[in-house]
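*Asks:* Take the sequences, apply the hints, and build the full model.
Here is what each chain is made of, one letter per residue.
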Amino acid sequence: MRLHKLNVRVTLRYSALLILIALGMLIYQSFHQNRETVYRSDFAMGTVLTQAARGTDTAEVMAEGAGVVSMLGQALSMNATSGFTFEVNHSKNPVPVPDGYKPYLDNIREVMEKSGGALDITMGAVTEMWGIPSGSMTVPDPVSLSAVLRRSLAGKTEISGTSVSLAAGQKIDFGAVGKGWACDVLADLYRSRGVQGMIDFGGNVMLVGSPPDNNKWKVGIQKPGGASGEVIGYLSLGGGSVVTSGIYEKYVEQNGVRYHHILDPKTGYPVNNGLVSVTISGPQSVICDALSTAVFVLGEEKGRTLMEGYPEYGALFVTDNGEIHTTDNLTYEFRWNGVTP
Amino acid sequence: MKRGDRLLGLILVILVAGITVAGITRYLSQASGITALVRSEGKVLLELRLDKITEGDTLRVETSAGYNVVQWAKGRIRIEEADCPDQVCVRQQWLTKPGQVAACVPHQLLVELR
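Respectively, the protein sequence lines represent chains E and Y.
All residue numbers for the first sequence refer to our numbering, where the first residue is 1 and numbers rise by one.
All residue numbers for the second sequence refer to our numbering, where the first residue is 1 and numbers rise by one.
Worth flagging that the hints you see were computed from the coordinates, not collected in a lab.
Fair warning: there could be bad hints in the mix.
Said to hold, decoys possible - Below, in silico cross-link-like pairs of lysine-lysine (DSSO-like), each with a Cα-Cα straight-line distance of 30 angstroms or less:
id : chain 1 : residue 1 : chain 2 : residue 2
1  : Y       : Lys97     : Y       : Lys52
2  : Y       : Lys97     : E       : Lys216
3  : E       : Lys218    : Y       : Lys97
To be verified - Stretches of chain Y that chain E covers, calculated by requiring three or more beta carbons in the stretch to come under 8 angstroms of a beta carbon on chain E:
id : stretch
4  : 11-22
5  : 54-68
Stated by the list, open to error - Example chain Y residues on the side facing chain E (calculated, C-beta under 8 angstroms, incomplete):
id : residue
6  : Glu81
7  : Val105
8  : Arg114
Note that beta-carbon positions come from the ideal geometry of N, C-alpha and C, so glycine has one too.
*Replies:* Spelled out as structure tokens, the structure:
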């Protein structure tokens with residue numbers, strides 16, 4: 001009798017314990033499922049968009065994001081046969097700015113003005129001669145290039161929040177800022193759906209929320225000329241964007257001379273100022289993207305002056321003799337192979 | 001009373017067993033493998049569970065732009081060969097972890113792990 005009663009009590013106790021363990025497992029599982037990173041890659045804007053995100057309905061949000069970026073890419077592309085850029089470049093009248101474009105155009109215009117034209121999205125006629133928008137670069141004939149450049153420099157395209165009116169001889173090319181723009185659009189979508197994660201858009205990185213380990217995000221900086229994925233160091237940051245403009249990926253060679261894709265708007269030829277890459281980190285990807293081009297064109301010294309007007313943004317310069325310099329107004333922690341410079 | 005105790009014990013044991021089995025099944029289904037997705041010009045050509053591959057094989061993908069050869073074996077996949085000018089896709093080597101991508105932009109061929 002007594003023995004039996006004890007057995008029941010013991011059974012009860014163990015059962016309760018097991019139930020607790022099993023419940024814990026289930027709770028952990030459902031939590032884990034929510035936090036599990038889901039991946040997706042797509043072609044967009046002539047490169048690869050990779051999303052790695054956590055949250056609820058993550059796959060749906062990422063699919064929607066891929067669609068939104070694809071549409072934006074079509075609208076901004078110089079190669080498309082319809083959309084905003086096509087309309088601007090083929091219309092003599094002012095083209096109204098679509099809904100939602102205004103803040104991005106304002107950001108881009110501000111960098112164009114503050115950099116004294118080192119970033120210039122109205123020199124599409126020149127980038128086209130180099131085959132940059134189409135993705136197959138060629139070296140243009142110097143005489144035709146100088147004629148196109150002269151006509152392009154003489155124009156003054158009006159970009160306002162409501163309309164864009166193209167000047168004769170100019171063409172709009174969003175190639176230097178489109179990926180950053182898209183990253184910001186994606187980040188807004190993630191935030192509105194409670195999704196956290198990382199977006200890697202052909203080297204433009206956007207970080208939304210916190211990383212899986214709730215620590216800091218670590219973003220590797222590509223080693224110029226190194227194998228894909230070989231890094232010279234890491235940035236560790238709490239969020240925002242990291243964008244690199246480098247001359248080691250897109251280029252064309254002719255008679256032993258290498259011509260890369262970052263053009264000086266004043267000369268129409270690739271920039272040659274001792275820089276190999278410029279990395280910008282800060283809250284908004286479109287501004288990082290715009291600044292990385294502008295700072296690259298300006299060179300380190302004038303680039304640093306431009307950066308002073310953007311206190312929330314930090315810059316990292318890699319020079320052709322392998323040196324790494326950073327601005328000291330950084331709000332983020334730059335760490336080089338574990339050593340903070 | 002005695003009978004009730006025994007019944008209660010039995011119910012508890014069944015409950016515990018049930019929940020444990022459910023938890024384990026769920027855990028196992030989640031720990032399932034990585035899926036490789038091969039898309040050409042936006043269309044899905046191949047979907048493979050990397051852990052379920054028993055025999056390695058290849059797939060030749062031809063488009064008007066050129067060709068790529070996708071190769072896979074247990075736990076891994078890659079673009080083995082292509083006639084694109086930059087060979088970026090081939091240099092990506094074997095993909096084994098989710099999030100890894102081998103992409104041939106000129107031929108619009110994408111191999112990704114999810």
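*Asks:* All hints are to be evaluated individually against the structure, with a verdict given for each.
*Replies:* Each hint tested on the structure:
A threshold of 30 angstroms between alpha carbons decides the hint, and for Y:Lys97 with Y:Lys52 the separation of about 15 angstroms falls inside it, so the pair holds. Note on Y:Lys97 and E:Lys216: the hinted pairing holds, with a Cα-Cα distance of about 21 angstroms set against a maximum of 30 angstroms. In summary, the hint linking E:Lys218 to Y:Lys97 is supported, as the alpha carbons are separated by about 18 angstroms, within the 30 angstroms threshold. Coverage of the stretch 11-22 of chain Y by chain E holds. Counting CB-CB distances below 8 angstroms, 7 residues qualify, and the rule asks for three or more.
Look at the stretch 54-68 of chain Y against chain E: 0 of its residues bring a Cβ nearer than 8 angstroms to a Cβ of that chain, fewer than three, so the hint is violated. Residue-level restraint check for Y:Glu81 is violated (minimum Cβ-Cβ distance to chain E is 18 angstroms; threshold 8 angstroms). The criterion of a C-beta within 8 angstroms of any C-beta in chain E is met by Y:Val105, whose closest approach is roughly 7 angstroms, and the hint holds. Residue-level restraint check for Y:Arg114 holds (minimum Cβ-Cβ distance to chain E is 5 angstroms; threshold 8 angstroms).
The structure fails hints 5 and 6 (numbered hints given earlier, in ascending order).
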